[in-house]
Amino acid sequence: MVVASAMDRARAASVAPKDHSHVELKDVRLDYGDGERRTKAVDRLSLALGRGEFAAVVGPSGCGKSTLMKLVTGLLRPTEGSVCVDGAPARAPIKSVGLAFQNATLMPWRTTLANVMLPLEIVEPHKTKLRRERDAYENRVRGLLRSVGLDEFAGRYPWELSGGMQQRANLCRALVHEPQLLMLDEPFAALDAFTREDLWSVMQGLWLGRRFSAILVTHELREAVFLADYVHAMSSRPGRIVMSRRIELPRPRTLAMTFEPIFVDLIHELRDAISRGQAA
Amino acid sequence: MPWLVAISFVAIWEGACRLFGIPEFILPAPSSIAAALVAFRDPIFENALWTLATTAVGFGFAVAIGLLVGLALGASALVYKGVYPVLVAFNSVPKVALVPVFALWFGIGTVPAVLTAFVISVFPIVVNVATGLATLEPEMRDLMLSLGAGRLAILAKAGIPRSMPYFFASLKVALTLAFTGSVIAETVGANHGIGYLMLAASARFQVPLVFAGIAAIATMAVIMYLVCALLERRVAHWAYRSNG
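Residue numbers (the numbering used here), protein chains in the order written: chain E, 12 to 291; chain L, 73 to 316.
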């Protein structure tokens with residue numbers, strides 16, 4: 012006969028499975044503006060992201076996708092509801108997050124290499140180790156640049172790079188400090204179609220190699236279905252999730268797959284959900 | 073190219089003076105100005121050096137204090153709102169009116185000249201540095217905030233480098249103003265310097281000497297400008313986005 016002591020029971024409770032979500036939004040509402048012009052950016056927004064999961068959020072313009080980005084990174088506080096990262100309320104700076112915006116926002120006074128190294132100068136523990144291990148870090152960064160095809164341009168300035176190359180550098184910068192969560196806010200929106208498709212493959216390669224959790228905000232459905240495990244469709248403002256679709260296509264996915272019937276069906280499904288969300 | 077423009081300008085001037093027989097005390101020809109430069113080279117050189125020194129010191133203070141105040145204004149919205157209107161009010165006072173006050177406080181000579189150069193040239197620097205900082209792209213700020221950068225890090229790594237083109241632009245303006253300031257001070261309350269020399273010369277209707285003084289000031293200003301331009305090329309070359 013086994014008698015469970017009070018201590019054993021307590022220990023069992025403390026190792027009970029925690030919520031495995033990396034990021035969780037529950038019934039979030041965000042108001043902005045003052046007085047009469049007060050509007051809801053998002054309302055009753057709920058979303059959960061598992062560890063190592065790649066999630067895409069798609070929706071029409073102005074539905075609150077960028078608001079979602081700012082909520083998750085703690086740059087904005089929800090008016091109602093909760094936003095949790097790793098179980099704790101999101102407050103900037105979130106530990107271990109990488110951001111990539113639509114605008115690459117590289118510092119024009121730094122070379123590409125120096126730009127990508129920026130997070131290493133700010134985020135611990137790299138900040139303290141940087142002075143001593145500079146060469147090692149530099150080699151690591153050069154390796155990262157090589158994996159996206161930019162190693163020859165490490166010494167060039169941002170204005171000497173094309174839009175696609177700047178975004179590749181931007182992605183490298185977002186990943187250089189090895190964050191556990193990557194937030195992408197329409198990173199490929201300003202690029203032409205060919206460059207875009209190129210960068211999907213680059214992004215997929217980076218993710219397969221590192222398996223960080225990611226939230227990709229985009230209005231391009233093909234991009235969402237190509238890259239993600241889950242695609243969440245948002246309604247128009249005030250935004251909330253109207254559909255969450257699991258994408259079970261095998262990886263690594265190829266551009267040829269994007270024209271297959273199963274892929275196209277997924278896109279139709281999502282598009283319908285979004286239209287209904289727009290009409291609602 | 074600039075040499076060509078300058079030489080043709082001088083040539084046209086000389087030609088016009090000779091052609092229209094303009095009297096020397098109205099508009100001297102470049103040839104008589106050159107003659108005055110040679111004849112009076114010792115006093116011109118000595119006084120020019122004096123003016124250069126006072127201007128450089130006043131300008132130096134303006135750069136240092138302009139940078140500091142600009143940083144304070146640009147970094148904090150509160151400080152900006154509180155201090156900026158006061159600065160504008162101070163700057164609107166004609167500096168010519170201030171020189172007798174400075175002379176009363178500090179006596180005739182160096183201090184009013186340095187002070188006037190400082191007071192007249194500090195404002196553009198403050199404005200430009202503050203503007204450069206206050207207009208930092210929100211995305212860059214968000215990026216650094218999300219990484220956990222504090223205000224100091226944002227200022228040092230993003231705000232200040234970004235403001236350098238604005239800063240150097242203001243230096244070019246402030247430099248010319250600084251010379252204006254010190255020469256004005258000299259004409260009103262000094263016993264040294266090119267301004268003083270020009271005043272003395274004009275009182276004696278030695279107009280070529282007056283213009284020689286102008287030429288000396290212009291030369292000094294161009295030299296200081298070249299120094300600023302050289303510094304700019306080192307620090308803010310990236311802003312011109314030129315290849316090679």
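Possibly wrong hints are sitting among the right ones.
What the hints assert, rightly or not - Sample of chain L residues with no beta-carbon within 10 Å of chain E, all distances over it, derived: (1) Ile84; (2) Arg113; (3) Phe133; (4) Asp214; (5) Met216; (6) Leu217; (7) Ala225; (8) Ala230; (9) Met236; (10) Phe240; (11) His264; (12) Phe277; (13) Trp310.
Said to hold, decoys possible - If you want a taste of the chain L side facing chain E, the calculated C-beta under 8 Å gives, among others: (14) Ala206; (15) Ala301; (16) Leu303; (17) Glu304.
The hints are simulated quantities; they were obtained by calculation from the structure and are not laboratory data.
We put the beta carbon where it would ideally sit given N, CA and C, even for glycine.
Query - Ascending list of hint numbers which this structure does not respect - result: 4, 5, 6, 7, 8, 9, 13, 14, 15, 16 and 17
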